[in-house]
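> Positions -26 to -1, 1 to 225 (mature numbering (1 follows the signal peptide of the UniProt record, and there is no 0)) are the ones given, in order, by the sequence shown.
These are calculated hints, taken from the structure and not from any lab test. There could be a bad hint or two in this list.
[Stated by the list, open to error] Heads up, simulated BS3-like pairs for lysine-lysine below, C-alpha to C-alpha not over 30 Å straight-line:
| # | residue 1 | residue 2 |
| --- | --- | --- |
| 1 | Lys110 | Lys149 |
| 2 | Lys170 | Lys120 |
| 3 | Lys94 | Lys149 |
| 4 | Lys170 | Lys94 |
| 5 | Lys120 | Lys223 |
| 6 | Lys149 | Lys65 |
| 7 | Lys16 | Lys99 |
| 8 | Lys223 | Lys65 |
| 9 | Lys99 | Lys170 |
| 10 | Lys99 | Lys167 |
| 11 | Lys94 | Lys167 |
| 12 | Lys170 | Lys223 |
| 13 | Lys110 | Lys94 |
| 14 | Lys120 | Lys167 |
| 15 | Lys149 | Lys16 |
| 16 | Lys220 | Lys126 |
| 17 | Lys120 | Lys220 |
| 18 | Lys99 | Lys65 |
| 19 | Lys64 | Lys126 |
| 20 | Lys149 | Lys223 |
| 21 | Lys167 | Lys149 |
| 22 | Lys16 | Lys94 |
| 23 | Lys170 | Lys149 |
| 24 | Lys110 | Lys170 |
| 25 | Lys16 | Lys126 |
| 26 | Lys220 | Lys65 |
| 27 | Lys110 | Lys65 |
| 28 | Lys99 | Lys149 |
| 29 | Lys94 | Lys220 |
| 30 | Lys149 | Lys220 |
| 31 | Lys94 | Lys65 |
| 32 | Lys223 | Lys126 |
| 33 | Lys126 | Lys99 |
| 34 | Lys126 | Lys94 |
| 35 | Lys149 | Lys126 |
The model shown is predicted, which means the values in this text are computed figures rather than measured ones.
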Amino acid sequence: MTKTRNLVLGLVGLLMIAACSTTSKTSPSEPPASSAKPSSAKVVLLGDSIAVGESLALEAALKASGVGYQSLAAAGGGNVVGPFSAEGWKKLPAAITAARPTTVVYQITTYDWGTAAEQKAAYRKLLALVTAAGAKLVIVTMPPIKADDFYKPHLADLARTTAVAREVAAESAGKASVLDAAEVWGPAYQQQKDGKADRSTDGIHTCPQGAARFTNWLLGNLATATPGFTPAAADSWANTGWAADKHFKGC
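Make the full structure from the sequences, and use the hints.
This is the structure:
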């Protein structure tokens, strides 16, 4: 049996929800059918393997909220600038167009390496693509990481991404916005929060609790920007089986 995980969500007070225990042979349970009124909104998530983990909670929450959702996040990539981005750009335009989103969320990845000019050009290119698809772009800053030797040479590039993204959003005439995820994660990598695993011991990824807290925060921000969208209550999606996914390691 997998260990029971407790998810701590920042709601009005702290809502404690235990993720269901499953065996390795049992698939996580499907989220319950949404009782929310279906919305015309559709969210598409872009990002790296951090976003892949967050997507598990986000999909359950948006489904419960009656909102369409698709993840285009990719482990080992998902970036629009830096290594592997050229390959990603070969597929991204068609994928975004086919998804027909109303909102595209791009969580800045741990691979967004490059000069300020390269980063700005990439974020502008992403904005143009999203706008052409009839959607708005929401850029979310990346969680702080505990950098190993692989990331240390690129920390200056990663530290610059927030400012560059804000510059692109400022010139977008309201077509793009930037959300500072430091509201969720704090200014530095923190493996535990409220006495429970929030981030993986690998220093990069999230644990179920972190994914749930991030989702709750993101839904609140999306609701503010999306008329007619009311997020489902956390107890309708936080304990639906996704926390047992094998993606979560080091928790």
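> Now tell me, hint by hint, if it's right for this structure.
So, going through the hints one by one against the coordinates:
Pair hint Lys110 plus Lys149 holds up; C-alpha atoms about 5 Å apart against a cutoff of 30 Å. About 18 Å separates the Cα atoms of Lys170 and Lys120, which keeps this hinted pair within 30 Å; it holds. Distance hint between Lys94 and Lys149 is fulfilled; the C-alpha atoms sit about 15 Å from each other, no more than 30 Å. Proposed proximity of Lys170 and Lys94 is contradicted: the alpha carbons are some 37 Å apart, above 30 Å.
For a cut-off of 30 Å, the pair hint linking Lys120 to Lys223 stands: about 16 Å separates their Cα positions. Distance restraint check for Lys149 and Lys65: the Cα-Cα separation of roughly 23 Å lies within the 30 Å cut-off, and the hinted pair is therefore satisfied. Straight-line distance between C-alpha atoms of Lys16 and Lys99 comes to about 21 Å, which keeps the hinted pair within the 30 Å bound. Simply put, Lys223 and Lys65 have alpha-carbon atoms about 29 Å apart, close enough for the 30 Å limit, and the pair holds.
Between Lys99 and Lys170 the alpha-carbon distance is near 39 Å, which puts this suggested pair outside the 30 Å criterion. Simply put, Lys99 and Lys167 have alpha-carbon atoms about 36 Å apart, too far for the 30 Å limit, and the pair is violated. Proposed proximity of Lys94 and Lys167 is contradicted: the alpha carbons are some 34 Å apart, above 30 Å. Simply put, Lys170 and Lys223 have alpha-carbon atoms about 14 Å apart, close enough for the 30 Å limit, and the pair holds.
Taken as a hint, the Lys110 and Lys94 pair is honoured in the structure, with Cα atoms around 17 Å apart against an allowance of 30 Å. In summary, the hint linking Lys120 to Lys167 is supported, as the alpha carbons are separated by about 16 Å, within the 30 Å threshold. For a cut-off of 30 Å, the pair hint linking Lys149 to Lys16 stands: about 16 Å separates their Cα positions. Only pairs whose Cα atoms come within 30 Å are accepted, and Lys220 paired with Lys126 is accepted, the gap being roughly 27 Å.
Of the pairs offered as hints, the one joining Lys120 and Lys220 holds, with about 22 Å between alpha carbons and a cut-off of 30 Å not exceeded. Distance check on the hinted pair: Lys99 and Lys65 sit about 14 Å apart at the alpha-carbon level, within 30 Å; holds. Between Lys64 and Lys126, the direct Cα distance comes to roughly 28 Å. Compliance with the 30 Å bound is thereby established for this hinted pair. As the CA atoms of Lys149 and Lys223 are separated by approximately 36 Å, the hinted pair breaks the 30 Å bound.
Distance hint between Lys167 and Lys149 is unfulfilled; the C-alpha atoms sit about 34 Å from each other, more than 30 Å. Distance check on the hinted pair: Lys16 and Lys94 sit about 26 Å apart at the alpha-carbon level, within 30 Å; holds. A C-alpha spacing of about 38 Å is found between Lys170 and Lys149, which places the hinted pair above 30 Å, so the restraint is violated. Restraint check for Lys110 and Lys170: not satisfied, since their Cα atoms lie roughly 35 Å apart, outside the 30 Å limit.
For the proposed pair Lys16 and Lys126, the alpha carbon gap of about 36 Å is over 30 Å, so the pair is violated. Annotation: proposed proximity of Lys220 to Lys65 holds, straight-line Cα distance about 27 Å (limit 30 Å). Between Lys110 and Lys65 the CA atoms are separated by roughly 20 Å; this keeps the pair inside 30 Å, and the hint holds. Of the supplied pair hints, the one linking Lys99 and Lys149 holds, its CA atoms being roughly 13 Å apart against a limit of 30 Å.
For a cut-off of 30 Å, the pair hint linking Lys94 to Lys220 is broken: about 35 Å separates their Cα positions. For the hint linking Lys149 to Lys220, the alpha-carbon distance of about 36 Å lies beyond 30 Å, and the restraint is violated. Between Lys94 and Lys65 the alpha-carbon distance is near 20 Å, which keeps this suggested pair within the 30 Å criterion. Note on Lys223 and Lys126: the hinted pairing holds, with a Cα-Cα distance of about 22 Å set against a maximum of 30 Å.
For the proposed pair Lys126 and Lys99, the alpha carbon gap of about 27 Å is at most 30 Å, so the pair holds. Under the criterion of a C-alpha separation no larger than 30 Å, the hint pairing Lys126 with Lys94 is consistent with the structure, at around 22 Å. Distance check on the hinted pair: Lys149 and Lys126 sit about 33 Å apart at the alpha-carbon level, beyond 30 Å; violated.
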